[in-house]
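Trainee: Protein chains in written order, with the working numbering: chain A, 1 to 217; chain B, 1 to 410; chain C, 1 to 559.
If you're looking for bench data, these hints aren't it; they were derived computationally from the structure.
Don't take each hint at face value.
Counterexamples of contact, computed for chain C against chain B with all Cβ distances above 10 Å [unchecked claim]:
#, residue
1, 8
2, 25
3, 34
4, 52
5, 84
6, 289
7, 292
8, 333
9, 393
10, 513
Output of the computed footprint for chain C on chain B, the stretches with three or more beta carbons under 8 Å from beta carbons of chain C [to be verified]:
#, segment
11, 61-71
12, 97-107
13, 261-267
14, 290-303
Here the structure is a predicted model, which is why all the values come from computation and not from measurement.
A virtual CB, placed ideally from N, CA and C, is assigned to each residue, including glycine.
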Amino acid sequence: MSLVIEELEITLAERSLVAVSRLAVAPGEVVTVMGPSGSGKSTLLAWLSGALDPAFRARGRVTLDGKDVSALPPHRRRIGLLFQDDLLFPHLSVAGNLAFGLPASLRDRRAREARIAAALEEAELGGFGPRDPATLSGGQRARVALLRTLLAEPRALLLDEPFGKLDVALRGRMREFVFERVLRLGIPALMVTHDPADAEAAAGPVLHVAPATPDGG
Amino acid sequence: MTLPRRPLLLAALAAPFASPGATGAQTPGHPLLSAPWDAVLAEARGRPVFFNAWGGDDRTNAFIAWAGGRLRALHGVDLRQVRLRDTAEAVARVVAEKAAGRTSGGSVDMIWINGPNFLAMKQQGLHFGPFVDRLPNARFIDRAGKPSTVVDFTVPVEGLAAPWRMAQVVFIADSTRVPDPPRSMEALVVWARANPGRTTHPNVRNFMGVTFLKQALCEVAPDPAALLRPVTEETLRPAADALWAWYDRLRPHLWRGGRQFPENGPAQRPLMLDGELDLYITFNPSEAAVAIANNQLPPTARPFVLDRGTIGNTSFVSIPFNAANAAAAMVTADFLLSAEAQAYGADPRVLGNPTVLDIAALPPAERARFAALPRNPAILQPEALGRPLQEPHPSWMTRITAEWESRYGR
Amino acid sequence: MLKAAPWLTAGLFLGPIAAGLAGTLLPAFGWLPALGGTTLSLEPWRALLDAPGLGRAVLLTLGTGFAATILSFLLVIAFCAATQGSPLARRAQAALAPLLATPHAALAIGFAFLVAPSGWIARALSPWATGWDRPPDWATVNDPWGIALVAGLTLKEVPYLLLMAFAGLGQVRAAEGMRAAAALGYGPVTGWLKVVLPQLYPQLRLPLYAVLVFSLSVVDVALILGPGAPPTLSALVLRWFADRELTMWFPAAAGALLLLLVVLGAILLWRLGERVAAVLGRRWIAAGGRGGGGVVLGLAAPALMGLLLAANAAALIVLLVWSFAGPWRFPEALPAAFTLATWQAQVPAIAVPATATLAVALAATGLALLLTLACLEAEQRHGLRPGRRALLLIWLPLLLPQIAFLFGWQVALVRLDLDGTMGAVVWTHLLFVLPYVFLSLADPWRALDPRYARGAAALGAGPWRVFLTVKCRLLLRPLLVAAAVGFAVSVGLYLPTLFAGAGRIATLTTEAVTLAAGADRRILGAYAALQALMPLAAYALAVALPTWLHRDRRGMRPA
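So here's chain A without its partners, still in its complex pose (with noise of 0.2 Å):
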């Protein structure tokens, strides 16, 4: 699997944000894009993701295996999303939130069951299916959110600044944990951040970006 950005640009107000011409991220690879905020990484993620407000006007095409995704829905893209705050639902309890990343497609409850409490448990969070995540620490819910993620069977996944708000003792482990399993898995992922030792961790390709326009964002 692997994912292909191709003659993408992203204008707001006939202002150019975001051009690239082509981007390639190979399964297994972790690819970073740096830059300042307002060099229109976050804009960037968002287009990937099929979330880009209706104010922004995009021409370009994104392909997942040769795939042309960029016309589906964001729900049918089947591409992970992993934001700098964990985002688990409050409502919901630990395993009630991985439960809602799980394709519905696995029918059987038990089976459900038993896919959470392994994932969990391979990430050292076993038993914790029934706790309130309000009452996880942060390195506990950031991988909570990794798993939800990664439950759903992701095509390719993309990371926005997703170790920025943990502590530094915490981010080493936090990023292994993640990049262990983008490679295990075989999938794309695309990092933005404005870390460099992110970048280095990710062993991957980075790509600098700079502010389309002074105020570009």
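Starting from the known structure of chain A, arrange chains B and C on it as the hints suggest.
Mentor: Below, chains B and C without anything else, positioned relative to chain A:
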């Protein structure tokens, strides 16, 4: 269009009525008017009756609620009271529906009515009927002994409305504070001057309030006989001038200096209970007894009447020409005339209203219902009440209200 | 489909208002073919100007409307200035919501029970303090100057304005401004008035207009507490509309239009006042006076507010006391005995309007929620940007005197053969319920972090699943509070029920107002208490249900 100014407009109402009422029939050929009673009962079963009735008196509301329970049990009729602030609202609704061309399926099935409202509907041909003689219980109405059951405010009813309760003006006084109550409207002025702020009358837009003025009119008008004819400019002036001369002497000594009035009759009860009023007017000879029993008046409240008599009238129910549930309304009107309903209403623990029926004409079993009613010292017996004075023609009421409003309502 | 939601909502909204205004405007100039008015003329206006008491009614309307609005505004400003950042403000906020839910009519009746010459206050003080063994002959309610009306309106409007002020304060970063002012040596009250108030006022402008319009045009409170001869203009117009002589409709329509003009004029006057105050205020700010500690205001404003909240609570309690009272003679402070007799006797009668109240309120609230959610969801999915005009549209029914379009709307309903039906009442209630539901839900809805929805979509959840299982669940609390607000508004509506219900559909409010003219206080107390308790129960449910559902979810507790 030409729109007459208000006084003219009211004068138009007061003009001698003519054609539609002359023959009596306002909905000629209506099948219900010739149907056998069993057919009326059959059509009524399962139907609602939207009874538009002034809702300001909780005792009457409770009586109507009781009647609703009995009607459901006896005839499967669902009586629903539309509680009006003013009966004119229901008349206006019927008139509006006629103007909009709704000649059937109207939203008003029955109205508690008399006086100017009855006349206005009669003049415009808005009553269903004549239906009263189709009601089985109508034969017991005491037409000879209680002429106001067939002539309402000097206007012949002609079977367009069924009587259901008798009313006569009485005054209530707290006997501990008014041992020797005034026996004329003139004496009332003297009493009020000596006891400032201790009596009042309801708002003149309310029928009870204007009745207070009419009671005075009967006493002070130079030509009382003129009151029984439709008002004219010639008859109005001398009578009204005498009335306002009397009223101007009384008003400063009324409760709140005569600048503020209770909204309606029942609103006077708590004022007497609390001790604000010592004396007030009502239309129910049993008011004191019923209200004392319900902790609404002090136990020392007693009714009295005036030496030269007090105004009496009858409450009717009429059915609008376009009523959606005329059959059920007829059944309701008939039930209100039944000995059961009349005896219940005459009970001093309920309404204490004198019946519209001729008790002597009733079968013995029904007569017994009335004999079984408890006696009460706070009820004036018919002999003490005296023969009621006839209500003036409705046009007087309309004109007096309008004059009061332009004199004191600014 | 969803994209049409804003248009559908606007249509449901504008239709009745446009039809209603036209149906009032034409008869005001003599046009009403059903009654024989087929030419345009100024005759209705001549009849209107001839009507006894018109001049005084207009003056009374203006006087009471402005007095109630200015008084409420000053009290709210004084309280906010005196308590900025103190725990008192937080506590007041908690006490406000239930007061806000109380219908105007119930509050007015309770207030009358308190301050009447034979009211609870006089009873509590007699005879030991006052020497009264009979109530004094004082016009403390229905007084010819409308003082009781102003007091009753203020009682109800202050909680509303205060809540709006608290909401506005959250947006203007008042605390930071106050710190900066204090560092420059400004006293707390002066600092608040010079720094926070100018920022806060724009947020209060529309609520203030609504309060002004409401105070100028209210009918039920005016019937209960206002003078009778003459009454305020709105009550006078209502009286003419109910006249059995239908030609009175023409001057009545002209009167309704006059009220609309009075209201528009009052808003213009208020705007003018804003300008003048702004000029004077800028000069005052530029003069640089630091002010003192504001000790007097700091004590007086919370004390006044406390008194007002206590009066609100006492007005509700006295309703309940009367409904359970046995014999209760003046000047006894409490009934001689308490009894269930009133409730037992009234249950069959009260059940009918209570059921109708509940049905109408649930239907109107449900519909309003549905439309509001559809509009907000359409806004987010299709990136619609509602402008200022859309906001004004939402406020429109609250900025017009009800009687100015309800009469015309009733005529339209008769023509559609819908008058007196449940549907007509619900539709008419919707005009007033929807704005409140929309205004209370829009902010939290728009403020929800959009990444929740994006994240859920990235996990494969379709738009409807996101809507139901993420947005609605995360916003359950504001959703239910908005529903409770809508429910309370519907329960309290008098004139809309009266006109659309054609007497056939009576609610606790219409019954209570009818009974307020003179029924036994125990029965009136029962009706008004039930009317007040219904919205309170809805509000309690709106608070309790999410708390119970989310008892194990710390992240779902209110901030």
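Trainee: Does each hint hold? Answer for all of them.
Mentor: Checked hints:
no.	hint	in the structure
1	8	holds (28 Å)
2	25	holds (16 Å)
3	34	violated (4 Å)
4	52	violated (4 Å)
5	84	holds (43 Å)
6	289	holds (47 Å)
7	292	holds (45 Å)
8	333	holds (14 Å)
9	393	holds (30 Å)
10	513	violated (8 Å)
11	61-71	holds (count 4)
12	97-107	holds (count 6)
13	261-267	holds (count 7)
14	290-303	holds (count 4)
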